[in-house]
Amino acid sequence: MKIAIASGKGGTGKTTLAVNLASFLAESRKVVLCDLDVEEPNSGLFIKGKLIHREDKFKMIPEWEKDKCTLCGHCQKVCNFHAVIQLGDQIMVFPELCHSCYACSELCPVDALPMIPQKMGELKQFKKEGLSFVESRLDIGQEQAVPLIAQTREDLDKNFDDDFIKLFDAPPGTSCPVIEATKDADFVILITEPTPFGLHDLTLAVDTMRELEKNFGVIVNRHGIGNNDVLTYCQKKNIPVISKLPNDRRIAELYSRGSLIYQKIPEFKKQLVNIADYLLKLQEEGIR
Amino acid sequence: MKEIVIISGKGGTGKTSITASFAMLGGKDIVVADCDVDAADMHLLMQPDWEKSEDFYSGVIAEIDQEKCVKCGNCADVCRFSAIPIIDKKYVVNKLNCEGCGYCFHVCPTDAITMKEQNVGKWYISNTKADNVMVHARLGIGAENSGKLVAKVKNEAKRIAKETDKEFIVVDGSPGIGCPVVSSLSGADFVVLVTEPTVSGLHDLKRVYQLVKKFNISAGCIINKSDLNTKVARQIEKFLREENIIHISDLPYDETFTKAMTNGQTIVEYDDANLKNILVNSWEKIK
Numbered sequence: 012m013k014i015a016i017a018s019g020k021g022g023t024g025k026t027t028l029a030v031n032l033a034s035f036l037a038e039s040r041k042v043v044l045c046d047l048d049v050e051e052p053n054s055g056l057f058i059k060g061k062l063i064h065r066e067d068k069f070k071m072i073p074e075w076e077k078d079k080c081t082l083c084g085h086c087q088k089v090c091n092f093h094a095v096i097q098l099g100d101q102i103m104v105f106p107e108l109c110h111s112c113y114a115c116s117e118l119c120p121v122d123a124l125p126m127i128p129q130k131m132g133e134l135k136q137f138k139k140e141g142l143s144f145v146e147s148r149l150d151i152g153q154e155q156a157v158p159l160i161a162q163t164r165e166d167l168d169k170n171f172d173d174d175f176i177k178l179f180d181a182p183p184g185t186s187c188p189v190i191e192a193t194k195d196a197d198f199v200i201l202i203t204e205p206t207p208f209g210l211h212d213l214t215l216a217v218d219t220m221r222e223l224e225k226n227f228g229v230i231v232n233r234h235g236i237g238n239n240d241v242l243t244y245c246q247k248k249n250i251p252v253i254s255k256l257p258n259d260r261r262i263a264e265l266y267s268r269g270s271l272i273y274q275k276i277p278e279f280k281k282q283l284v285n286i287a288d289y290l291l292k293l294q295e296e297g298i299r
Numbered sequence: 004m005k006e007i008v009i010i011s012g013k014g015g016t017g018k019t020s021i022t023a024s025f026a027m028l029g030g031k032d033i034v035v036a037d038c039d040v041d042a043a044d045m046h047l048l049m050q051p052d053w054e055k056s057e058d059f060y061s062g063v064i065a066e067i068d069q070e071k072c073v074k075c076g077n078c079a080d081v082c083r084f085s086a087i088p089i090i091d092k093k094y095v096v097n098k099l100n101c102e103g104c105g106y107c108f109h110v111c112p113t114d115a116i117t118m119k120e121q122n123v124g125k126w127y128i129s130n131t132k133a134d135n136v137m138v139h140a141r142l143g144i145g146a147e148n149s150g151k152l153v154a155k156v157k158n159e160a161k162r163i164a165k166e167t168d169k170e171f172i173v174v175d176g177s178p179g180i181g182c183p184v185v186s187s188l189s190g191a192d193f194v195v196l197v198t199e200p201t202v203s204g205l206h207d208l209k210r211v212y213q214l215v216k217k218f219n220i221s222a223g224c225i226i227n228k229s230d231l232n233t234k235v236a237r238q239i240e241k242f243l244r245e246e247n248i249i250h251i252s253d254l255p256y257d258e259t260f261t262k263a264m265t266n267g268q269t270i271v272e273y274d275d276a277n278l279k280n281i282l283v284n285s286w287e288k289i290k
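One line per chain: the protein sequences are Y and C, in this order. Under the numbering used here, the residue at position 180 of the first sequence is numbered 191, and the numbers go up by one with no gaps. Under the numbering used here, the residue at position 97 of the second sequence is numbered 100, and the numbers go up by one with no gaps.
Simulated from the structure, these hints should not be mistaken for lab results. A virtual CB, placed ideally from N, CA and C, is assigned to each residue, including glycine. Heads up, some of the hints might be wrong.
For the chain C half of the interface with chain Y, some residues (derived, Cβ under 8 Å), not all of them [as the list claims (entries may be wrong)]: (1) GLU147; (2) SER229; (3) LEU278.
A few chain Y residues that don't get close to chain C, going by computed Cβ distances all over 10 Å [what the hints assert, rightly or not]: (4) PHE105; (5) TYR244; (6) ARG268.
Just chain Y, with the same shape it has in the complex (with noise of 0.2 Å):
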C-alpha cells in the first residue's frame, strides 16, 4: 500500500506525521518512508538511520557535436522548451530548460545530438531498525523536481515489494512535483492548519486530488487554534477526518530539535495509533 502525504500549504505537518507515523508503525510492520519532496527534503533530519545506498541521480541532455552538425536548424524548430537554440553557426543547449524528451536528439538528420547524462540529484537509502528510508535530493540550481521525483518512485517499486506499506512525504504545493509524488498513491492524506491559509489551500489541494481521482482523507493539524471553517469544509464535502493532532508548544519545540513526538507525548501516540488504525483497515480493504 502506497500512502502519500501531502498538504497544500507549507509547515503545516507534513513531515512531523510522515517520520513519525513511519517510525510508529515499523514497530510492528515492514515500513518504507520515502521523502519526495526533493527541494527541501527535512524526514531525514528525524530518522537519524545507517547509510546503505548512495548514487547519484542523472537527467538525460542533448549534447551538440559540432563536427556532425550540418546546421539545419531541426533541433531549434522541434524544441518547445527554448532548450536548444541556433546561433550563427552554433548550437546552444540549456540544460535547465530540457525535459529530456529526446525529440531534438532522435530527429536530428544527421546524429549530432546524443543524450548524455547530466546530474541533476542524489538518492540515499537509511535503515533504522525495522524501518527504510529513502530521500532524493536536488542539486542546488537544477529548476526541475519532477524528473527526481519520478527516478525515486521508479527505485522504490524496484527495490521494495508490496509487503511494505510504502509512505511518501510529497512537497508542499499543488502544481507538477505534488502531482508526480502522489500520482501512484492509494490513498492520499492531506494535513492542514485550521486557519484561513490552511483552509484556502486544503481546497486547492482537494481540487487537485478529485482531477487526480484519488482517494484522500484530512488530517488536522494543531487543532485548537485558528477557527472551526476546516471542520465545517470537510462536513460540507463529506471528506473524512481521519484525526486531529492537538496544538502543542511542547510538539513544536521536539520538532525543532529533531526528535519523534509520538514517543514524549501520549496525546499525540493515541492520535498515531488511530491514525495507523484507519490506514490498515483501508489496506484490508483493500482499497485501490
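Add chain C to chain Y, keeping to what the hints say.
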C-alpha cells in the same frame, strides 16, 4: 525602484504573514506581488478588489484526432512521459502526464495530433486595503509552468511600479528551490529570508541561500519563533555571520500570528505592541 523578495525555503515559517505586514507598512509607496502562485494566500489578508483579471496561457498539450489516427503507435513509442496509453483500443493523451514536448506531433504520419495551448491559470491586478496595487495569480490544478506565471506576475508588478513611480516592489516568493523560486529571485535587489529555529528551518535556509548566492543578491534574515529553540537560533545566527547575511530581527513564538490571520488582518493591524514594533523596525531596515 527597489525589488524586495521574501522567501523561506521551508514552508510555514510565517513568510506570507510577514510580507503582508510589510505591504501594510509600505502603503502607497509600494507595489505588491504575490509570487507564491501555487498556494497564493496573501489576498486573504489584503482584501483585494480583483479589479482586473486575465487568463494565462502557457505551454501546449497533445490532442489526438481519432478520425485521422491509423493506430500506428509511433506517438506512444517516442513519448518519454507515458502520456499516450491505449484505452479501449484507442491511443489517447493522458493530460497530466503530457509535458507538451510535441515529439508525438512530429512523428505522426497522418497529422492526427495537434498541440493545443493550455490555460494554466489566471492573474489579477487589485487595489488593496493598504492603498496600494497588488498583482497576484492562481495556478490551475496540477498545472506546469508556474515559473512562467511567477515571471508574469513580477513583470506586471514592475511595469506598474515604473508607470506610477513607486519606490518598492514587495514580492512574496514560494517555498523550495525549484523553478518558481528561481523566477521570483531573478532581478531582485534584496532578499529577505524568513526562517525558524528548527532543524528543518536551518537546513532549508542553508539550501535556499546557496541559490540566492548564485544570483549575487544581498540578503537579510528574520528569525520567526526565535525563542522556540535557542540552541538552533544561535546556530542560525552563526550561519548568518559567516555568510554576511544581515540579521534583521527576531520575532517570538506567538499565536498572535494565527489570531490576526483568523481575523483577516495583518499582524501590524491586529497587534499594537511588541510584534508590531519589531515589524515596523524590520521594514525600516529593509527599505
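So, going through the hints one by one against the coordinates:
1. GLU147: holds (5 Å)
2. SER229: Given a least distance of 11 Å, the restraint on SER229 of chain C is violated.
3. LEU278: violated (16 Å)
4. PHE105: holds (13 Å)
5. TYR244: holds (14 Å)
6. ARG268: For ARG268 of chain Y, whose nearest Cβ neighbour in chain C is about 6 Å away, the distance does not exceed 10 Å, so it is violated.
In this structure, the earlier hints numbered 2, 3 and 6 are contradicted, and the remaining ones agree with it.
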